[in-house]
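Protein chains: 2
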Amino acid sequence: MQRVERRHVRYHVRGDVPPVLQVRPGESFLVETDDFLTGSVRSADDLATEEGTLPYSRSTPPRWNPVTGPVFVEGAERGDALVVEFERIVPDARGVCCIVPGIGPLADSRRWPELGDAATIVIEHEPGPSGTTRDGMAHWGSRTWSLNPFIGTIGVAPDHEVESSLVGQGVWGGNWDCRDLKEGSRLFLPVYHEGGLLYVGDMHGSQGDTEWCGVANEVRGEVVLSCGVLKGKRIPYPRLEKPDSIVQLYADRPLEDAVRAATTLLMEWLVEEYGFSPRDAYFLLSVASDFRINVYQMVRAGRLNYTVGAELPRYHLTT
Amino acid sequence: MQRVERRHVRYHVRGDVPPVLQVRPGESFLVETDDFLTGSVRSADDLATEEGTLPYSRSTPPRWNPVTGPVFVEGAERGDALVVEFERIVPDARGVCCIVPGIGPLADSRRWPELGDAATIVIEHEPGPSGTTRDGMAHWGSRTWSLNPFIGTIGVAPDHEVESSLVGQGVWGGNWDCRDLKEGSRLFLPVYHEGGLLYVGDMHGSQGDTEWCGVANEVRGEVVLSCGVLKGKRIPYPRLEKPDSIVQLYADRPLEDAVRAATTLLMEWLVEEYGFSPRDAYFLLSVASDFRINVYQMVRAGRLNYTVGAELPRYHLTT
Chain A
1 MQRVERRHVR YHVRGDVPPV LQVRPGESFL VETDDFLTGS VRSADDLATE
51 EGTLPYSRST PPRWNPVTGP VFVEGAERGD ALVVEFERIV PDARGVCCIV
101 PGIGPLADSR RWPELGDAAT IVIEHEPGPS GTTRDGMAHW GSRTWSLNPF
151 IGTIGVAPDH EVESSLVGQG VWGGNWDCRD LKEGSRLFLP VYHEGGLLYV
201 GDMHGSQGDT EWCGVANEVR GEVVLSCGVL KGKRIPYPRL EKPDSIVQLY
251 ADRPLEDAVR AATTLLMEWL VEEYGFSPRD AYFLLSVASD FRINVYQMVR
301 AGRLNYTVGA ELPRYHLTT
Chain B
1 MQRVERRHVR YHVRGDVPPV LQVRPGESFL VETDDFLTGS VRSADDLATE
51 EGTLPYSRST PPRWNPVTGP VFVEGAERGD ALVVEFERIV PDARGVCCIV
101 PGIGPLADSR RWPELGDAAT IVIEHEPGPS GTTRDGMAHW GSRTWSLNPF
151 IGTIGVAPDH EVESSLVGQG VWGGNWDCRD LKEGSRLFLP VYHEGGLLYV
201 GDMHGSQGDT EWCGVANEVR GEVVLSCGVL KGKRIPYPRL EKPDSIVQLY
251 ADRPLEDAVR AATTLLMEWL VEEYGFSPRD AYFLLSVASD FRINVYQMVR
301 AGRLNYTVGA ELPRYHLTT
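So the sequences go chain by chain: A and B.
For the first sequence, the positions run 1 to 319 when full-length UniProt numbering is used.
For the second sequence, the positions run 1 to 319 when full-length UniProt numbering is used.
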């Protein structure tokens, strides 16, 4: 299997960078990803303080949120859609979460002043039934929960250059921190450049909705992907298919605008691909007991938008 | 079992109304609830047009969203908390959903103009394993999904009068349209008046997140409740306990303010009742793979706020 090494990380996503790998449609390939601060926070003693992170924040673009790539997919051309399959996501043996002074909803809390002080926790990743951490457990002191490894940042080279891999998001992809970009899911992205030019990074071992303190269980890892090309297929915004549901993604601020756009685009999807009348789609989303809005990420950082998904179980599609 | 009949509906919730029932703590009682337009929309031919709804909209307060009550709970005094157990929720044999002209996110859509026209659908409710509709299925034409009967509006008489049962929401309760106010859940409300003075109404047979078109599967029904009294227990905002999780509710606009308040109040709950340090609570919500934000209701109607819940599985509480 072809592999892209971790040293091929970048902090912007753009169309004029030579590919680091070329793959055929359907070919599985492995990408090594680096973590949110390029490996500089590895233990509880490594604090993401303002001084400590200056070398990362001061560069242009800032060296936060590295992505690996770009990967050239043969046959992909402007106007096509790229289908990315997440075949295997294996996080390293431990991840970290940080309180970064000045960042996060409670950084300036008077009630709990300690939430403005730099702190790092280490989260141990125990292998699961597969023998790897792809389906294992997270341990932090005496606390335990299931790992849910996913890819925080993924996209193709956009039509126009974006500010950085940290705050860039849009129809081309970006830093979504969407917990459903995981094994078994398929992501549909529009193609702007020959080969698509896919970037992947920012693996999270686990994360709650909103990514509350601004940082998740951040981890290096390896991801195995394959890409398909849908010729001439236009999509208004990236879509996600899970084994039992479909999810329309959207990133915007304020949060209700993201929710409205995702839900309206889901209606478009139902009308155009599943034969719904607009009225039936409108009614169904209002009365179906299992239509869900997922608030994947709601972090206030620069121009970063909030990420939501409008999710409908597949059985509704076949009536 | 004591019963409150449907005719005891009101359109405001306030502390100077004589109780229609008096119950002891722990006593089960049955409340008949009426539906969103007081039974005027019962078939696909009944349209919630502007002219048709004038008699309901023009009164003060408007006769939308009736609630039954108030119920006086013995021993409840200002400064206590009322614990409401949802023991049984049985919707009628059919519910309706409407497109109300001028209401809803797509009422003014140029792409889909028909979404501004009045329309009503009838949803048949089939009994489930219990022999009643409390655990049955919804049928709309050839479409089928699970019923999830819940109470859309519930609260105690507030400290100060609120505008109406339709747009009123606050620390005392209100029109939340929260799908987790269902059988097996326990809701904690603050008490402002002697007896608590509980109001209940606005049953929904099923509803998707956001209540997208502005109206759910609206239905008359019967609910069996019981109330406990926690003497001198102060809560900053109503809380909900489900069998396997705890949920901090909040209603506000914009949506991100509701999410931030619910999550911060959940942290307070973890710190004050479950022995978490603020820092541990802050980290946990950021990295726990199963911390969820529920966007229960996001309807733009008058001063109505959007309703969210911050939900954490119980196993996290015991470490």
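Hints are computed from structural coordinates only; laboratory data are not their basis.
Just so it is clear, CB atoms sit at the ideal spot from N, CA and C, and this is done for glycine as well.
Any given hint might turn out to be false.
Among chain A residues calculated to face chain B with C-beta under 8 Å, some are [what the hints assert, rightly or not]:
| id | residue |
| --- | --- |
| 1 | Ser57 |
| 2 | Thr60 |
| 3 | His139 |
| 4 | Arg143 |
| 5 | His193 |
| 6 | Ser206 |
| 7 | Glu211 |
| 8 | Ala216 |
| 9 | Ile235 |
These are the hints, each one checked on the structure:
no.	hint	in the structure
1	Ser57	violated, 20 Å
2	Thr60	violated, 28 Å
3	His139	violated, 11 Å
4	Arg143	holds, 5 Å
5	His193	violated, 30 Å
6	Ser206	holds, 4 Å
7	Glu211	holds, 6 Å
8	Ala216	holds, 6 Å
9	Ile235	violated, 17 Å
The structure fails hints 1, 2, 3, 5, 9 (numbered hints given earlier, in ascending order).
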